[in-house]
Amino acid sequence: MKKCVFENLIDDYLLNRLSEGQKEKFEEHYFNCAFCFKEMTERAELISVVKSQGTHLFKGIYSRKEAKKSSWIEDLFAFLTPKQWATAAISAVLVVIVALGIISIRNTSTHRFFINDELVRGESITLISPVIDMKSMPSQFRWKSLGKDVEYKIYLYNHELLWSTTTKNNYITLPEDIKNLMTSGEKYSWQVKAFSPNGTLIAVSSLVQFMISSEQ
Amino acid sequence: MKEKYSVPDIKDIISKFKPIISFRVMRSLGTQRPDWEDVVNEIVTNIIVKLKKGEFRGDSSIGTFIYTITSRRIVDFIRQKNKVLKYAPEPEPFPAPYEYIEKKERVDLISEAIKKLRPKHKEVLYYYYYEELTREEIAEKLGLSPRKVTDLIIYARNALKKFI
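Chains as they are written, first to last, in numbering that gives the first Met the number 0: chain A, 0 to 215; chain B, 0 to 163.
Calculated directly from the structure, the hints in this document are not laboratory data.
One or more hints might be untrue.
Computed list of chain B residues with no C-beta within reach of chain A, every gap over 10 angstroms [said to hold, decoys possible]: (1) V6; (2) D8; (3) R23; (4) P33; (5) W35; (6) D37; (7) T69; (8) S70; (9) E104; (10) S110; (11) E122; (12) A138; (13) K147.
Below, simulated DMTMM-like cross-link-like pairs (lysine to aspartate or glutamate); rule was C-alpha separation at most 20 angstroms, straight line [to be verified]: (14) K121/B <-> D10/A; (15) K50/A <-> D11/A; (16) K160/B <-> E41/A; (17) K22/A <-> D75/B; (18) K2/A <-> E41/A; (19) K160/B <-> E27/A; (20) K114/B <-> E27/A; (21) K119/B <-> E104/B; (22) K17/B <-> E44/A; (23) K121/B <-> E41/A; (24) K17/B <-> E36/B; (25) K121/B <-> E44/A; (26) K103/B <-> E41/A.
Which chain A residues stay away from chain B? Per the calculated CB distances, all over 12 angstroms, these [unchecked claim]: (27) N7; (28) L13; (29) L45; (30) L99; (31) I171; (32) L180; (33) S212.
Beta carbons: idealized from backbone N, C-alpha and C, even for Gly.
Looking at chain B on its own, in the form it has when it is part of the complex:
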């Protein structure tokens, strides 16, 4: 039995899922590609059409339904661009700020919060996120147990949340 969504319902769904779709597209295509926003808009339009036609049958969650539409469009887009591609390409290097973070104030806020951290928390964050070392590698480098490194990372992140 097909379930047709009303316009207000569809609006709610889109406002909830558009940031998720955008994030997924950005990570797959990279924000350097100028048409990534067009891809997001195409996906959103496609979802609206399908929901209006009642193509969402409720066999899966609405999240999985939207995820499937999003993934297929990304793969199609990459295939169109690259002709032959089995899998999606490796994600591009981590985007610069202002791509995930729209406001400069937010960047400054996070930067200031990092500066306030204790040296050992800063050091762990540096090795974990900047150097991209694993917990085991950091543990070996700092002479700690991997469990302790995990605790320090969690503590540092929680401290940042408090500062922000």
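One chain only, chain A, in its complex shape:
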């Protein structure tokens, strides 16, 4: 049987690759060409078997392809050259270092403290005296200064708030009338809070407990 010039359209027709016009032309052709129709039916059979049993018939090729699909790590590594990967890794390390540096700076500049079990961001005030049990009644309370333009509020407690006052110094002298209220052998605690000129709370000390020994 003689070959036909339309033969090269058979696969494209069967695999739906022809345009509408080409398809109609080829369909009209195979109504008139015994060779193309016979060849087409044979290839249709072949494609039908390949499509339905391909995974079984081409087991080796198919499984290789599937394995390749699943090895996404290989694909990922193939995405960049080793040199590009090295550059990317160094850049990533630098980014991490910078990020950690920023975090640590933020942490040192903004302290956190607790007020009534609530976490508050800000500096803490270090109390200097009294912080341990005293042999005599303390006449002065002292803490570390936070600089100028800071107003401190001091609180003195026994079971409840005993006394409170404000000062711009980093110390306060206990008034005599309050001193007289304090008795030896009893536990007291004190705390200092710092405020900015506009009244914003900027720092708090811990609540420190002390006791005047009963020998007094």
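Here the structure of chain A is known, so what remains is to put chain B in place on it, guided by the hints.
Here is chain B on its own, set in the frame of chain A:
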């Protein structure tokens, strides 16, 4: 001048063209549609009537005459089913075996023949018919020229014909 066909002539024409009509209808409607065989029978009946009435004038080939009747009936059928349709729909996915191939023995024969092919021929057939890659895509994948891929496909098909 109308040419009327005799009954024996019409029988010959129908036996020659019925497989072609069936193939065309199957591809257009899909074998999932249960009435595709009814459509083929309607077309065949219509052709017989027209040939008997002498409606084939010989302006075109008998193949083109039958192709035209077949295509019009397919389009009418699809229009009836889908109401509005400019063109015939995209063909359905490639039918399963036993739709083009009636006998299981034939499927087994083709399968066995494929298994006997050389690895490089099998690989090309896999990419070409299973993956539906173009010759150029296969060439790029396998590091060959498109011409070489075409040769391998032709060789593989010819080898299959010999095995079958």
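Right, here's what the structure says about each hint:
{"no.": "1", "hint": "V6", "result": "22 angstroms, holds"}
{"no.": "2", "hint": "D8", "result": "17 angstroms, holds"}
{"no.": "3", "hint": "R23", "result": "6 angstroms, violated"}
{"no.": "4", "hint": "P33", "result": "20 angstroms, holds"}
{"no.": "5", "hint": "W35", "result": "15 angstroms, holds"}
{"no.": "6", "hint": "D37", "result": "21 angstroms, holds"}
{"no.": "7", "hint": "T69", "result": "8 angstroms, violated"}
{"no.": "8", "hint": "S70", "result": "7 angstroms, violated"}
{"no.": "9", "hint": "E104", "result": "12 angstroms, holds"}
{"no.": "10", "hint": "S110", "result": "6 angstroms, violated"}
{"no.": "11", "hint": "E122", "result": "6 angstroms, violated"}
{"no.": "12", "hint": "A138", "result": "15 angstroms, holds"}
{"no.": "13", "hint": "K147", "result": "16 angstroms, holds"}
{"no.": "14", "hint": "K121/B <-> D10/A", "result": "17 angstroms, holds"}
{"no.": "15", "hint": "K50/A <-> D11/A", "result": "15 angstroms, holds"}
{"no.": "16", "hint": "K160/B <-> E41/A", "result": "9 angstroms, holds"}
{"no.": "17", "hint": "K22/A <-> D75/B", "result": "18 angstroms, holds"}
{"no.": "18", "hint": "K2/A <-> E41/A", "result": "15 angstroms, holds"}
{"no.": "19", "hint": "K160/B <-> E27/A", "result": "26 angstroms, violated"}
{"no.": "20", "hint": "K114/B <-> E27/A", "result": "35 angstroms, violated"}
{"no.": "21", "hint": "K119/B <-> E104/B", "result": "26 angstroms, violated"}
{"no.": "22", "hint": "K17/B <-> E44/A", "result": "18 angstroms, holds"}
{"no.": "23", "hint": "K121/B <-> E41/A", "result": "17 angstroms, holds"}
{"no.": "24", "hint": "K17/B <-> E36/B", "result": "11 angstroms, holds"}
{"no.": "25", "hint": "K121/B <-> E44/A", "result": "16 angstroms, holds"}
{"no.": "26", "hint": "K103/B <-> E41/A", "result": "15 angstroms, holds"}
{"no.": "27", "hint": "N7", "result": "9 angstroms, violated"}
{"no.": "28", "hint": "L13", "result": "8 angstroms, violated"}
{"no.": "29", "hint": "L45", "result": "6 angstroms, violated"}
{"no.": "30", "hint": "L99", "result": "46 angstroms, holds"}
{"no.": "31", "hint": "I171", "result": "86 angstroms, holds"}
{"no.": "32", "hint": "L180", "result": "94 angstroms, holds"}
{"no.": "33", "hint": "S212", "result": "92 angstroms, holds"}
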